[in-house]
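Listed in order, the protein sequences are those of chains A and B.
Heads up: the first sequence is residues 1 to 321, going by this note's numbering.
Heads up: the second sequence is residues 1 to 323, going by this note's numbering.
I should point out that these hints are in silico values taken from the structure, not numbers from a laboratory.
For every residue, glycine included, the Cβ atom is placed at its ideal position computed from N, Cα and C.
Check the hints yourself; a few may be wrong.
Interface residues of chain B toward chain A, partial, derived using beta-carbon atoms under 8 Å [as the list claims (entries may be wrong)]:
no.	residue
1	N37
2	Q59
3	S63
4	A71
5	G72
6	R73
7	A93
8	Q95
9	M102
10	G105
11	A108
12	E276
For each label pair, taking beta carbons as the anchor points, the in silico distance ranges come out as [said to hold, decoys possible]:
no.	chain 1	residue 1	chain 2	residue 2	range
13	A	F241	B	L301	46 to 54 Å
14	B	A125	A	S27	51 to 59 Å
15	A	F241	B	I56	34 to 42 Å
Reference listing, derived: stretches of chain A covered by chain B, where coverage requires no fewer than 3 residues with Cβ under 8 Å from a Cβ of chain B [stated by the list, open to error]:
no.	stretch
16	118 to 126
17	154 to 160
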Amino acid sequence: MPDAVALYRTIRLIRRFEERAIELVRSGDIVGGVHPYLGQEAIATGVCAALRPDDVITSTHRGHGHVLAKGADPARMMAELAGRVTGLNRGRGGSMHAADFSLGILGANAIVGAAGAIACGAAWAGMLAGSDRVAVTFFGDGAVNQGVLLEAMNLAALRRLPVLFVCENNGYATTMPTAGAVAGTITGRAAAFGIPASTVDGMDVSVVLDAAREAVERARAGAGPTMLECLTYRFDAHHTFEHRVRLRYRDDADVAAGRSRDPMQIQGARLDPDERTRIDVAVEAVLDEAVRFALASDHPDPAGALDYLYASGLRARPGVA
Amino acid sequence: MPILSYLKALGRALGDELAADERVCVFGEDIRVGVANVTNGLLKRFGPDRVVDMPISEQAFTSFATGAALAGRRPVLEFQIPSLLFLVFEQIANQAHKFPLMTGGQAAVPVTYLVPSSGSRTGWAGQHSDHPYSLFAHVGVKTVVPATPTDAYGLFRAAIQDDDPVVVFAPAAAMGVREDVDYATLVPVPLGVARVHRPGTDVTVVAVGHLVQTALSVAEELADEISVEVFDPRTLYPFDWTGLAASLDRTGRLVVIDDSNRSCGIGAEVLATAAEQMRLVAPPKRVTRPDGAVLPFALALDQALQPSRDQLLTAVRAVAKGG
Chain A
1 MPDAVALYRT
11 IRLIRRFEER
21 AIELVRSGDI
31 VGGVHPYLGQ
41 EAIATGVCAA
51 LRPDDVITST
61 HRGHGHVLAK
71 GADPARMMAE
81 LAGRVTGLNR
91 GRGGSMHAAD
101 FSLGILGANA
111 IVGAAGAIAC
121 GAAWAGMLAG
131 SDRVAVTFFG
141 DGAVNQGVLL
151 EAMNLAALRR
161 LPVLFVCENN
171 GYATTMPTAG
181 AVAGTITGRA
191 AAFGIPASTV
201 DGMDVSVVLD
211 AAREAVERAR
221 AGAGPTMLEC
231 LTYRFDAHHT
241 FEHRVRLRYR
251 DDADVAAGRS
261 RDPMQIQGAR
271 LDPDERTRID
281 VAVEAVLDEA
291 VRFALASDHP
301 DPAGALDYLY
311 ASGLRARPGV
321 A
Chain B
1 MPILSYLKAL
11 GRALGDELAA
21 DERVCVFGED
31 IRVGVANVTN
41 GLLKRFGPDR
51 VVDMPISEQA
61 FTSFATGAAL
71 AGRRPVLEFQ
81 IPSLLFLVFE
91 QIANQAHKFP
101 LMTGGQAAVP
111 VTYLVPSSGS
121 RTGWAGQHSD
131 HPYSLFAHVG
141 VKTVVPATPT
151 DAYGLFRAAI
161 QDDDPVVVFA
171 PAAAMGVRED
181 VDYATLVPVP
191 LGVARVHRPG
201 TDVTVVAVGH
211 LVQTALSVAE
221 ELADEISVEV
231 FDPRTLYPFD
241 WTGLAASLDR
251 TGRLVVIDDS
261 NRSCGIGAEV
271 LATAAEQMRL
281 VAPPKRVTRP
291 DGAVLPFALA
301 LDQALQPSRD
311 QLLTAVRAVA
321 KGG
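Isolated chain B, as found in the complex (with noise of 0.2 Å):
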């Protein structure tokens, strides 16, 4: 079977979308020649009509969308860098979320947000190397960050389908994940529908993003002392509650692996959650960024922000003993 990277899984899926439904258009920067490598040849199969290279004024491109979107459109927008979300906060969380309420029903913005490597990128340093996807979470914008390339096919084109304003975070350290699939299995993934990796008895991990793999490989590691199962939510926004809750029926133990800074993330509402209307039978534990982390610039710094595998390892460890 051919192999699946990442990167060529979003490239397609965009080629798919775009092939599919002509009001489909792509807005981004050096997106004619594909300088993020999700975009490239899309120009010359599409047009520029359709693939629309902008200037660097993310600001008004990102509103643009909305604009298009207002009239028919449904723009995909390509960030280049993570923390360009927060110069757009205003045009996706105040503007393009909150068209559909305040006009009473009147509008529809469905605009997906991609954002090709996400998170550290190793060595990109304070302002290239965040991974603000709980913020969208937060003020109820939906939220996607595929961990696998079959996901981010699937998750990718069911976030252009969506009605609604979706934010697509792939993060960069998943980039190196390939699978071996046959591409004619490769269909869209409906959004709000968490998978389960690897079943578990004992501890339930969630795991966003990149850190699924990780998660799998701890797995992997305690197999002989404890069985764990690894939850990849997929959506952040909307969360499977209904999903989460299933498992820890089975586990009744949890240890969130979440690559957010810790005050506020969504490994904080999914513990909160869980506290609250869910089966646990030990404390629960979360893995995550520090609180107001700014990534440093030199290699070891950068990493002692991120969470890690020993310290996931630790914590299941302890939610196994716990209670």
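Bound conformation, chain A alone (with noise of 0.2 Å):
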């Protein structure tokens, strides 16, 4: 299991791969933006660090620090959202479906609450093939209301999948505050089904571990799924867009209050201070190459662009004859 700068090592390389990130989509060399990560690092890699290297995840939208912590190579993330050839996904996926399949990273999802499903399906398959791996899904708060999240729930349920439910609640689902689209709780739909659910705070990787590895082990025990609700708070933007676009929704008050309290610093007081000025600088060093390998490879080229549209090789008809 990863120690207290092992967990610090993750947080930091998903806080300042966002951080490039957003300069690349100042720069435009990421274009279409991205959903930024920043504020919510602890849950993924507390949660991932409970996971073996067979255990399977599907993420969303905001979905950077699943993928890096589950362990994908900065470099090619990087790539892949520059819509390069050496991207995780050869440039096809972009921010919002970045995959790794040799991870069992199962793919950001664009559609909000739509990956649970997914996941249960996927958890189904190994647990039928003996196996104990474990399915985790990570969606927000917007996703609690999406019907086809609570049938999954009860798919996970009735049938005592190893699923993990992992709600990061950051407040807001794009600019709606959590209370304004939130009848109930959010574990109070979990229990309806009969699944353990807790409340942890998401921005102490720390707690977020503990409360992750008890329903993983739950899991691969056959006791079936668990869900967590974490706390966090969204630091950025929904989307690099709002950068441009000055939304008011949330007020400077709201802001400042939510940003006291960061994953990044928390687990970095917990370090020596010699050993997290090292581990920053080798993440800054991993940072820069990832930016220089992403910039330096080649973009596809257009007449591949249907490329991989059908696993069978078939080959679809042009737009014009």
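Relying on the hints, combine the two individually framed chains into one complex.
This is how it looks when you write it as structure tokens:
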């Protein structure tokens, strides 16, 4: 199991990866923008630290943290964001669809709440194959009113699937405050299906890790799904378009209060300062190389725009004859 | 020779695939008892880990199948009602279909979606009578509409063996078709290959699904005046354009009969492609449902909105004289 240093390193990697990605959005090297994971790093870090390499995850539109925490190569991840052939998805997926099946990363998914049922199906297949591997599905507070996610919870409980439902409650579904969208409670939804659920501090990686370990052990033992609601705060925009179009849905006091507890500082304070500095320097070197690698990589050839559309190799008709 | 019904062909194909490949499994509602008459007996043969009865939650179990496919299974889903495909369009068109490209070729989603009794079932009204195969062809999901029991068997098996998502529409109006066949001759039928049921030299009639029987009946009635070739695409996506071009090289005249709504139905695509790229000596015609059709309940109204034998007969005569 990872120690405090490794946990800090992952949080730092995600934090700086996001900040570097935002710079590349500003410079125009990443088109389409990104949904920054800033402020939520302890959740992906803590949950993925409780997993084995053969466990699988599904992620969200705000997915960079999950993908990195599960072990994806930051250079190939950055190349994917920049739409290059060396990217995880060969430049076909981008920020919202990054996947690395070799690491059990079944993809970030751009439809809110859509991946829960996919994770359940993967968990079922693993269970029937005799494996004790676990599936984790990450989603936000905005997903808890999506019918298909609630249907997925029902299936998971009904079949005692080894699934961990991780809700990252960052206070806002795009601009909608949680209180304006969620009747009842988030954990109450799990309780309705008989799924054990708890609400934990999503800003403290050690708390997240402890809760995730317990849920993962439960799933491996065949005791079925668990939900974790991790309370967190989105430090930056819903999406980088907000950096250009200022939306007024949370005031400065709210943002200041939300940012007052920083998962990177909380975990960083547990390290020897010299060691923390060494990690910061090492992470920066990794990201320097990631950015260099991404920007030095080739753009895809437009002639291959329909490549990979069909696993069977079928070629689609072109749009002009 | 034994008689093979359409439903029996589907059930047999499913049983044969379950027996041939242990990755294959079936999800659906009430499939343990076989409410749709396809899965009867499969639970006993293959057990509850492979024949999985699902609660009524189509969206979840459709993506559940995607997840199982990503983890190495080859699920078959049965939907009791064609209109449920609207409910799971997100899960098929926006999730399963997009995984291979979006992941840069890392993922395959070999799932088959079976709709036993698509189109009008006579008297089942607005929300049970749709025939949305053109929607799937439009988004590029492989789509098959078998017209005969032999093809139902062969195309369904090929669909399950295919590495991509495939929707199989089994038209309600084709369920009565029976064939005398030697079961030993039943084999998978490759996707994307059309079948000429009746050769002809004057007019090509492209008929989809149950309308193949309508076209054959019209061809027989007109035999003394017009030589009609009955062309069954069998797979609507990918469409056998080469086969159609060969047919039009012979006839130069085209009528399509298609149980889709008129705008953007597969009939429109057939006419457009033929007009752009193939030999036509007269303006083609299509017989379809009206634009935006919602089938009303009363029998006469239900039938009034479906493409009819008389409409086809009139269209074939008009096209034969045209040009």
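Results for each hint:
no., hint, verdict
1, N37, "violated (25 Å)"
2, Q59, "holds (4 Å)"
3, S63, "holds (4 Å)"
4, A71, "holds (4 Å)"
5, G72, "holds (6 Å)"
6, R73, "holds (5 Å)"
7, A93, "violated (11 Å)"
8, Q95, "holds (6 Å)"
9, M102, "holds (4 Å)"
10, G105, "holds (4 Å)"
11, A108, "holds (4 Å)"
12, E276, "holds (6 Å)"
13, A:F241 <-> B:L301: 46 to 54 Å, "holds (49 Å)"
14, B:A125 <-> A:S27: 51 to 59 Å, "holds (58 Å)"
15, A:F241 <-> B:I56: 34 to 42 Å, "holds (39 Å)"
16, 118 to 126, "holds (count 9)"
17, 154 to 160, "holds (count 3)"
Hint compliance for this structure: hints 1 and 7 are broken, all remaining hints hold.
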